[in-house]
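Asks: Listed below are the residues making up each chain.
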Amino acid sequence: MTTLELLTGHPLSSPEHAKYAYLYMNRIRKFEEAVEDLFGRGMMHGTMHLSIGQEASPTGVCLALNIDDQITSTHRGHGHCIAKGADLTRMIAELLGKEIGYCGGRGGSMHIADVETGNLGANGVVGGGIPIAVGAALASKMMAKGTVVVSFFGDGALNEGAFHEAANMAAIWKLPVIFVCENNKYGMSSSTAKAFALEKLSDRALGYGFPGITIDGNDVVAVYEATEAAVRRAKEGGGPTLIEAQTYRWKGHSRSDKNLYRTKEEIDEWKAVDPILRFKNVLLERNFATAEELAEIEKRATDQVIEAVNVAVKATPADPAGLIDAVFKKVSA
Amino acid sequence: MSDRMLTMAEAVREAMAIAMEERPEVFLLGEDVGIYGGAFGVSGDLYHRFGSDRVLDTPISELGIVGAAVGAALSGMRPIVEIQFSDFTAQAMDQIANQAAKIHFMLGGALHVPMVLRTPSGSGTGAAAQHSQSLETWFANVPGLKVVMPSNPDDAKGLLLSAIDDPNPVIFLEHKLLYKLPGRDAVAEGSSRIPLGVSKVVRTGKDLTIVATGVMVNKSFEAAARLEAEGITVELIDPRTISPLDMNPIYESVDKTGRLLVVQEAPAHAGFINEVVTQLVGSPSFGSLIAPVKRLAGLNIPIPYAPQLERSAVPQIDDIEIAARDLVKSWK
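If you read the protein sequences in the order shown, they are chains A and B.
Under our numbering, think of the first position of the first sequence as -7, with each following residue one higher.
Under our numbering, think of the first position of the second sequence as 13, with each following residue one higher.
The following block holds chain A by itself, in its conformation from the complex (with noise of 0.2 Å):
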């Protein structure tokens, strides 16, 4: 298993911030293309709902966020779970159904949750985690925990009546939640311009008396500071806000999308504002790293990527016996 290495704060405050942003949204990017290639083989069922191209948002999100601050993730969620420090064998493994998975092999994809940094779990169900979230916040608040909570989901999650009934009740209470709106412009096949009536998602925020913010999320930068902003104000008492990540994905939604509703044009026209891209050029410029060693990175990320699948690959397959034992907690005597 790959050893937790967690370097938050913001991405350009040192060259070892900067090297920790880039590894992680290299292992984000590598980690979907193994996971792409292992269903291409055959070697991995169900389904999958890839993130390539939205790598931004998770690492600068999750880079603001301390190690007891709390996600909720989505069915797009792997991002998520890495960014937050997510042992990568135990992903891939899930995705195999083994038993070293972290969920056994009972979620798969869409259900990774891991306690130790405070992931409460990717939700296959669109909005099902946002008012989850704002319990947590509750919880947060109740026991003077000190803590945030971090709610993501995407441009879709913005139309079910979850958002709107979390979104008010976090701030009728002030809590410390922030709406993170990956919008990466379709709900599987519907545009946010069939979806929405409105020009900037983050507009939704004012109906609920609370900032709402459109920041660029292919821009990792970007990202952490509209966080940090927001963490600093959920922790001061000033309740949720809203960040709309603008943002895209490149793959289909699923396995089964053909990409009838959107043109290869498109599709090249945001792969060339590729956050990973984006931010190596960053780096570059500002002397923080050199090509050299940021290809070290890139390859440091794909090994960790490879290690994970190698082990993964050779656990053993979750087991059917402890099935039935396992949908209750005990309960303790």
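In short, the hints are calculated from the structure, not lab data.
Think of the CB as a built atom: it goes at the ideal place given N, C-alpha and C, for glycine as much as any other residue.
Incorrect hints may appear among the rest.
[To be verified] Simulated restraints, written as ranges between beta carbons of each label pair:
no.	chain 1	residue 1	chain 2	residue 2	range
1	B	D44	A	M35	52 to 58 Å
2	B	N260	A	I59	46 to 52 Å
3	B	G88	A	G32	38 to 44 Å
4	A	H37	B	P256	28 to 34 Å
5	B	P314	A	I59	47 to 53 Å
6	A	P309	B	G88	31 to 37 Å
7	B	L193	A	G153	32 to 38 Å
8	B	S324	A	G153	35 to 41 Å
9	A	I59	B	R16	47 to 53 Å
10	B	A102	A	G229	18 to 24 Å
11	B	N110	A	E28	58 to 64 Å
12	A	V107	B	L193	42 to 48 Å
13	B	A139	A	R33	56 to 62 Å
14	A	A187	B	Q142	29 to 35 Å
Chain A is already provided as a structure; the job is to place chain B on it using the hints.
Replies: Relative to the frame of chain A, chain B by itself:
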């Protein structure tokens, strides 16, 4: 044992107060549970005793309320949710069925959801079809939920304390007609628990076994008292928790009586009583039956409004009495 006679509303309130005194992480949230005291008066004075942080009034947002409880439960708290009418759990079903019920299993066991969802259930108040349902089967058919249906104040108190202790989500269905009825038995002092998953033999008899839930336990008890005068003795069993279900006292009783009547308020079709019958049919006690099993349940209709219509929709004491007598007289 004391001789304190409480209503079920008072007993439920007492259990919540005891749990809140015992554990700082226990709190109550729901619509109008604060200064109003709850739509049925169940939370009563808890707001004044424990303050607005621990008796938390919420907006009218059932999905948000249950979701907040799930998130709080995942993060060290032990919430009790009151949903004003069980019918409104439909608004919150994603958080109940897709989230709370599945998190422990689906996410690999590292997380769990110690949450109780209390809600008034059942008909008899003239509130018509959207405020009168008996929805226990919805919940009982979702693995990961425990489902409790108390029929009297003493059970309600002890079972609720166990439900709050439980590390899993528990749906606690309180029949509205029971709130103001005094119980037959005194309510125990103190904080003793009644374990979930243990059926109770309410009265013993040798001629017929009746298995009933919720308010039907009381109606069956009244019917049994009438039949006793005719020399027919009824053994009445209240499962108390329909999930998990303790069948053993039912098997033992049927082995003794040879006759079984199952009674519920919910519609018969795909209802809980069918589970009791099915498990019995698959057990050795099937061989003890000397009569066909009789079901009494609500009609397969939405609960209607007018009093005479509403009464006709669910089993009444007379119906139980007639069915029970018929089983005993027709099958020797």
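Asks: Could you run down the list of hints and mark each one as holding or not?
Replies: Hint by hint, here is what the structure shows:
Distance hint for D44 (chain B) and M35 (chain A): a CB-CB separation of about 54 Å, consistent with the stated range 52 to 58 Å. The hinted range of 46 to 52 Å is satisfied by N260 (chain B) and I59 (chain A), whose Cβ atoms lie roughly 48 Å apart. Between G88 (chain B) and G32 (chain A) the beta carbon distance is about 42 Å. The supplied range of 38 to 44 Å therefore holds. Taken as a hint, the range 28 to 34 Å holds for the pair H37 (chain A) and P256 (chain B), whose Cβ atoms sit roughly 32 Å apart.
For the pair P314 (chain B) and I59 (chain A), the beta carbons lie near 52 Å from each other, so the given range of 47 to 53 Å is met. For the pair P309 (chain A) and G88 (chain B), the beta carbons lie near 34 Å from each other, so the given range of 31 to 37 Å is met. Between L193 (chain B) and G153 (chain A) the beta carbon distance is about 37 Å. The supplied range of 32 to 38 Å therefore holds. In this structure the supplied range 35 to 41 Å holds for S324 (chain B) paired with G153 (chain A), their Cβ-Cβ distance being about 36 Å.
Look at I59 (chain A) against R16 (chain B): about 50 Å separates their beta carbons, and that is inside 47 to 53 Å. Evaluation of the 18 to 24 Å hint for A102 (chain B) and G229 (chain A) yields a failure: the beta carbon distance comes to about 35 Å. A C-beta distance of roughly 27 Å is found between N110 (chain B) and E28 (chain A), which places it outside the suggested range of 58 to 64 Å. Under the hint 42 to 48 Å, the C-beta atoms of V107 (chain A) and L193 (chain B), about 44 Å apart, fit the expected range.
At roughly 59 Å, the beta carbons of A139 (chain B) and R33 (chain A) sit within the given window of 56 to 62 Å. Judged by the Cβ atoms, the range 29 to 35 Å given for A187 (chain A) and Q142 (chain B) holds: they are separated by roughly 30 Å.
In summary, the numbered hints that this structure violates are 10, 11.
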